[in-house]
Amino acid sequence: GQNIDQPTEMTATEGAIVQINCTYQTSGFNGLFWYQQHAGEAPTFLSYNVLDGLEEKGRFSSFLSRSKGYSYLLLKELQMKDSASYLCAVRDNSGNTPLVFGKGTRLSVIA
Amino acid sequence: DAMVIQNPRYQVTQFGKPVTLSCSQTLNHNVMYWYQQKSSQAPKLLFHYYDKDFNNEADTPDNFQSRRPNTSFCFLDIRSPGLGDAAMYLCATGVRGTDYNEQFFGPGTRLTVL
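Those protein sequence lines, which keep their order, are chains A and B.
The numbers in the first sequence follow my numbering, run straight up by one, and end at 111.
The numbers in the second sequence follow my numbering, run straight up by one, and end at 114.
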């Protein structure tokens with residue numbers, strides 16, 4: 001079966017760094033995505049990893065270890081607007097197969 | 001700007017009264033998806049189209065149907081909504097033929113069933 005695990009909630013302070021972990025067990029693997037979703041809004045794309053290592057994009061970085069079935073999203077210099085849910089999603093096969101989403105991690109940034 | 005549009009943003013229907021949600025895209029993507037997302041839960045894929053080929057998820061209830069009359073439009077029909085069908089419905093698009101298949105989401109339609 002497909003299983004994607006993320007912490008349900010996290011709290012961090014404005015200006016700090018936070019790491020959101022994701023572990024996955026899927027029948028195959030062809031890429032891992034991170035999406036940001038503000039309350040009542042659609043998910044928006046943040047990052048994509050298919051090879052092991054770190055992908056950096058501004059304040060956001062995402063890491064992947066395929067052998068461990070593990071990824072994390074790192075957010076630096078946190079801002080209040082970063083308060084949102086962060087969804088980890090895996091494509092388990094090649095081509096256009098739909099993504100399998102985790103339940104998301106609700107991040108609260110406090111002053 | 002190229003985008004995914006969903007109408008309406010908020011839909012209220014009565015128990016058992018059929019309702020249709022619409023999605024349109026200007027991205028010319030060949031894949032369109034419908035997801036159901038309940039509060040604090042992951043988006044759950046209902047079905048997707050690759051061009052006109054319809055792919056239903058095994059656990060999608062028969063109450064949910066979809067139509068894709070052309071590349072740009074896709075509809076979600078709920079034939080007899082129940083209270084448990086109240087949720088956010090997300091439409092997304094993607095491109096088949098590449099491994100990098102980012103999905104672009106519309107703003108969603110929040111369905112309330114009275």
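It is worth saying that the hints were derived from the structure and are not from the lab.
All residues carry an ideal CB built from backbone N, CA and C; glycine is no exception.
Hints may be right or wrong, so weigh each one.
Claimed, not checked - Cut-off 30 Å, straight-line C-alpha distance, at most; resulting in silico cross-link-like pairs (DSS-like, lysine-lysine):
id, chain 1, residue 1, chain 2, residue 2
1, A, K76, A, K103
2, A, K76, A, K57
3, B, K52, B, K38
4, A, K103, A, K57
5, A, K81, B, K52
6, A, K57, A, K81
7, A, K81, A, K103
8, B, K17, B, K52
9, B, K44, B, K17
10, A, K76, B, K52
11, B, K17, A, K81
12, B, K17, B, K38
13, B, K52, A, K68
14, A, K68, B, K17
15, A, K68, A, K57
16, A, K57, B, K52
17, A, K103, A, K68
As the list claims (entries may be wrong) - Stretch-level coverage of chain A by chain B, calculated; a stretch enters the list once three of its residues show a Cβ under 8 Å from a Cβ in chain B:
id, stretch
18, 68-77
19, 99-105
Claimed, not checked - Residues on chain A that point at chain B, a partial pick, calculated with CB under 8 Å:
id, residue
20, G28
21, A84
22, L87
23, D92
These are the hints, each one checked on the structure:
1. With a C-alpha separation of about 23 Å, the suggested pair A/K76 and A/K103 falls inside the 30 Å cut-off, and the hint holds.
2. A hinted pair counts as satisfied when its Cα atoms are at most 30 Å apart, and A/K76 with A/K57 qualifies at roughly 11 Å.
3. For the suggested pair B/K52 and B/K38, the alpha carbons sit about 28 Å apart, so the restraint of at most 30 Å is met.
4. Distance hint between A/K103 and A/K57 is fulfilled; the C-alpha atoms sit about 23 Å from each other, no more than 30 Å.
5. Between A/K81 and B/K52 the CA atoms are separated by roughly 39 Å; this puts the pair beyond 30 Å, and the hint is violated.
6. Straight-line distance between C-alpha atoms of A/K57 and A/K81 comes to about 17 Å, which keeps the hinted pair within the 30 Å bound.
7. This hinted pair checks out: A/K81 and A/K103 have alpha carbons roughly 20 Å apart, not beyond 30 Å.
8. At roughly 27 Å between alpha-carbon atoms, B/K17 and B/K52 fall within 30 Å of each other, so this suggested pair holds.
9. For the proposed pair B/K44 and B/K17, the alpha carbon gap of about 23 Å is at most 30 Å, so the pair holds.
10. For the proposed pair A/K76 and B/K52, the alpha carbon gap of about 43 Å is over 30 Å, so the pair is violated.
11. A C-alpha spacing of about 39 Å is found between B/K17 and A/K81, which places the hinted pair above 30 Å, so the restraint is violated.
12. A hinted pair counts as satisfied when its Cα atoms are at most 30 Å apart, and B/K17 with B/K38 qualifies at roughly 20 Å.
13. Between B/K52 and A/K68, the direct Cα distance comes to roughly 38 Å. Violation of the 30 Å bound is thereby established for this hinted pair.
14. Proposed proximity of A/K68 and B/K17 is contradicted: the alpha carbons are some 48 Å apart, above 30 Å.
15. Proximity of A/K68 to A/K57 is assessed by CA-CA distance (about 23 Å); at most 30 Å being required, the pair is judged to hold.
16. Distance check on the hinted pair: A/K57 and B/K52 sit about 36 Å apart at the alpha-carbon level, beyond 30 Å; violated.
17. Distance check on the hinted pair: A/K103 and A/K68 sit about 20 Å apart at the alpha-carbon level, within 30 Å; holds.
18. Using a Cβ-Cβ cut-off of 8 Å, 0 residues of the stretch 68-77 of chain A lie near chain B, which falls short of the minimum of three, so the contact claim is violated.
19. With 5 residues having a Cβ less than 8 Å from any Cβ of chain B, the stretch 99-105 of chain A passes the three-residue criterion, so the hint holds.
20. A hinted interface residue such as A/G28 counts as satisfied when its beta carbon comes closer than 8 Å to some beta carbon of chain B; here the least separation is about 12 Å, so the hint is violated.
21. Here the hint on A/A84 is broken, as its CB sits about 13 Å from the closest CB of chain B, past 8 Å.
22. Checking A/L87 against chain B: minimum C-beta separation of about 7 Å stays under 8 Å; hint holds.
23. Proximity of A/D92 to chain B is violated relative to the hint, the smallest CB-CB distance being about 12 Å (cut-off 8 Å).
Consistency with the previously given hints fails for numbers 5, 10, 11, 13, 14, 16, 18, 20, 21, 23, ordered from lowest to highest.
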